[in-house]
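Protein chains: 2
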Amino acid sequence: MVIIDSRLLEVIYMEVKILDFDTTAEIVFINPKIEDPRDSLSNLAQIKIGPKKQIVQVIRSELVKENEIGLPTSLAHTMKAEHGDNITINPRRRTNVLNTIMKKYDRQKWSSDDLRSIIDEMYTGNVTDLEMAAFTLAMQYEDLSTDETEHLTRSFTLHSEQIDFGEPVYDKHSIGGIPGNKVSLLIVPIIAAAGLLIPKTSSRAITSPSGTADTMEVLCNVGFNAEEIMEIAPKTRGMLVWGGQLNLAPVDSQIIKRVERPLSLDPKSVIIASILSKKLSTGVDHMVLDMPTGAETKMESRAEAKELSHLFVEIGRRVGIKIDCALTYADQPVGHAIGPALEAREALLTLDGKGPRSVLEKSNELAGILLEMAGVASRGKGAHVAEEYVKSGKALEKFYEIIEAQGGSRILPKDIPVGQYTSTITAKEDGYISHISNKQIKNIAATLGCPSDKSAGLYIHRKKGEFVKKGDVILELYSTREGALDDAMNIAKLKSPFLQEGMVLERISSSPIQLD
Amino acid sequence: MVIIDSRLLEVIYMEVKILDFDTTAEIVFINPKIEDPRDSLSNLAQIKIGPKKQIVQVIRSELVKENEIGLPTSLAHTMKAEHGDNITINPRRRTNVLNTIMKKYDRQKWSSDDLRSIIDEMYTGNVTDLEMAAFTLAMQYEDLSTDETEHLTRSFTLHSEQIDFGEPVYDKHSIGGIPGNKVSLLIVPIIAAAGLLIPKTSSRAITSPSGTADTMEVLCNVGFNAEEIMEIAPKTRGMLVWGGQLNLAPVDSQIIKRVERPLSLDPKSVIIASILSKKLSTGVDHMVLDMPTGAETKMESRAEAKELSHLFVEIGRRVGIKIDCALTYADQPVGHAIGPALEAREALLTLDGKGPRSVLEKSNELAGILLEMAGVASRGKGAHVAEEYVKSGKALEKFYEIIEAQGGSRILPKDIPVGQYTSTITAKEDGYISHISNKQIKNIAATLGCPSDKSAGLYIHRKKGEFVKKGDVILELYSTREGALDDAMNIAKLKSPFLQEGMVLERISSSPIQLD
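First to last, the sequence lines map onto chains A and B. Last residue of the first sequence: number 1096 in our numbering, and the count goes up by one each step with no gaps. Last residue of the second sequence: number 1096 in our numbering, and the count goes up by one each step with no gaps.
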């Protein structure tokens, strides 16, 4: 009888049975009769054939006999295992990582070494989901100290790809949370047109209708490796690529995937370390940070946004990134267009002088901050200098140059395809738009198919403060699937994404009805 | 192309493929090509055939085609599924449970309803390990308030089996952490001999060499269901059974198994709710709580033990259990015998007047508290009354009566088998035993095979404070496996479980060597 004894870290020798099926997860099968009194294998185990090692999940199954261990075909292939090979399986190597993580629950600080060792063990795949949750939840419960946040930032860069351009690198980053925020597609060409290097990596949407990478992908490729970026960016001075293809802060990506997303967590300390470690790894030394602040965004209050900004600036200072934070208006979506294709269109239109004032203004303001940081514009004149790049057409020309360098073509806004199924929502009466809900707009966009359906999205014809007459179109919805359009219309009917009111919002009577 | 859309809670219809193997975990297989952009199935999904529902883990495998869902044989059997049956799979039902759990991370209190709904969802199997970890870790980070602890205690009883004897029920419980603590085997017969009802449920060892249930199992059966206990206990007045067979506080058991054990957690609020909910469900209304306090135990300081005691007493008062806590000496193991068989032997010997003074004294003191609570002994006389039950042989006679009622026989201590492989550790020089390490004793016992090897264990011949001469036997080790004995001896050599010193423990010189 085989007994798994975690105390002795007993190594079990078994015989490989290659199973005639494949799984995407790394799992092995052992016989249910194998005793494991302490559940040592319930999380993860390590298998080994010769020098090949692999952390696997163990599943009990009658598929295999007691002396056998079943390997799905692809795992057998990776391990170079043959039927009948000797293989060892042992409970996951004991490490001190859980104790180190749990220090936080005893109100101790994590030292630089603590964080480095935790991140190291996570990188090695030696940390269970539960342990990773204990790590992340501690930070959700209480923010790390400034020192700890600095250490976490540095730790995240340890196993990260490093890109060094050998010259100052500029960057614009948004903490996100506001739909329609396509301004990176304007800022990058403005900055690049000014000759500064801005090889911007960005993410795909997680909860928003379109991430910068999703929007840019409408116009050209966004998947590039480090070598390609090192080759293209110095020539064009700007790029807009998807960071996911680079191996930036891989442990951070694991934490997001395995813990933060399933639990909807977003601890402040990890936000900072996550963003700044990636900037460090891509050589960024000057950054403007867009901090959308408003109802139904990540930063609901200015005080909160300011506090986070100060922390960003300080950690940036410590690790060598000069950061200027901009708290930006976010009580409604940015511009009119929501969704990858519609946003790409609006970005191009705005660079061509035909877009909404709000998109242009936000882009110029943020680009202006970078130009001032670089000394290209004097203090207070940055936005004006940025505007000149747009007005002169230099920014649009630069944008097309970048698009072409990234494998796209000089497409015109009108030629960008949008969803063929459309529907409109109109005003039921005369009145002012008093509110547009970021959250509801996001919901509707998601239902329409954003961001995976690039042609899906919505166009906000009338924004907050505008007066509309009965029958005026307020929203226009697009999708490539009729069913999705119907669902979205139903959701919009159920809970309107906007409020429309007369100038008198509420009447408070001087003689209220008496309740007895 | 099948796309899993968690937002719409889309239900996917698939075709059953019964696989020709079995797994102990509830898993199903779907084709890797099925898209799941939001990882909706990564935790748990629900499958449904007709009225049959089941929460399952989803594994991607080429075993099945895109229109198929693979069910291992036993799952197919439970679901009454046939090849080709229509089956629906959908992402785990959305509940508010995660939001409710996460309230704690925003420093909110959990209401009675909050806790009830969290525990309800856990009972339904609708809570992932990660969510359960978020719940438990919050309490590890910060103790619940007294109100919350009361609510948690009551919530744990919700899905629990309920036993009602219709008369006052007495109980003795230990929070554990000290090896050799076999006193329940003496206290139960003493109390039962006094005519009070004490149908004690206890646990098996998790980290200790022997739980009360493990020790009792050496002498008779410990697995009884509620009906059997209701039948036997009122006759014998006492029982010593394993609580695991009853369905007491099932959600608590899940939390222990799925989160607390893998993460080595033991949040105070859960300790209290876990113990008291089980007592509530078995009708206990008077309890003495043994709180071993000392180095290398759960309660290292008296202040800590006192604080926990006051909380126990208060929660007990609120839910209707009168509790007296006893902080007990725990700087070394209780008595001489460690391990199921050796402890059962020592318990019988002590009831027969031939055991160690410390075991007898601790038993009499704790039993005495119960006798006083019951009014059977006047205040301050309880231990004396208890001692009389032992001296007169009534307690031993009662113990044999209980053993027989639980299917055992009147075995004599010398006839209890202990491990055939033995070895001794002797004093290397003359001196006093200045320290015996609970932790090292536990380690050695575990290596010898405790608690699954009932005959394994160790006997401590000389305890703290005793003077030993060179060559005297201090420890005797027992096992049924020669290899385990060797391993244990090696561990003991590597790190001695005791310290032996002369009367001068250390010399502090008045003229220390000067360091420059």
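Treat the hints as calculated values from the structure; they're not laboratory data. The structure displayed is predicted, hence computed values, not measured ones. Incorrect hints may appear among the rest.
The list treats identical chains as interchangeable, and a pair is accepted whether it falls inside one copy or across any two copies.
Said to hold, decoys possible - Keeping only pairs whose Cα atoms sit at most 16 Å apart, straight-line, the calculated EDC-like set for lysine to aspartate or glutamate is:
#	residue 1	residue 2
1	683	846
2	878	686
3	683	693
4	645	602
5	633	1009
Results of checking the hints against the structure:
no.: 1; hint: 683 with 846; verdict: between (21 Å within a copy, 14 Å between copies)
no.: 2; hint: 878 with 686; verdict: between (29 Å within a copy, 15 Å between copies)
no.: 3; hint: 683 with 693; verdict: within (13 Å within a copy, 32 Å between copies)
no.: 4; hint: 645 with 602; verdict: between (19 Å within a copy, 12 Å between copies)
no.: 5; hint: 633 with 1009; verdict: neither (68 Å within a copy, 48 Å between copies)
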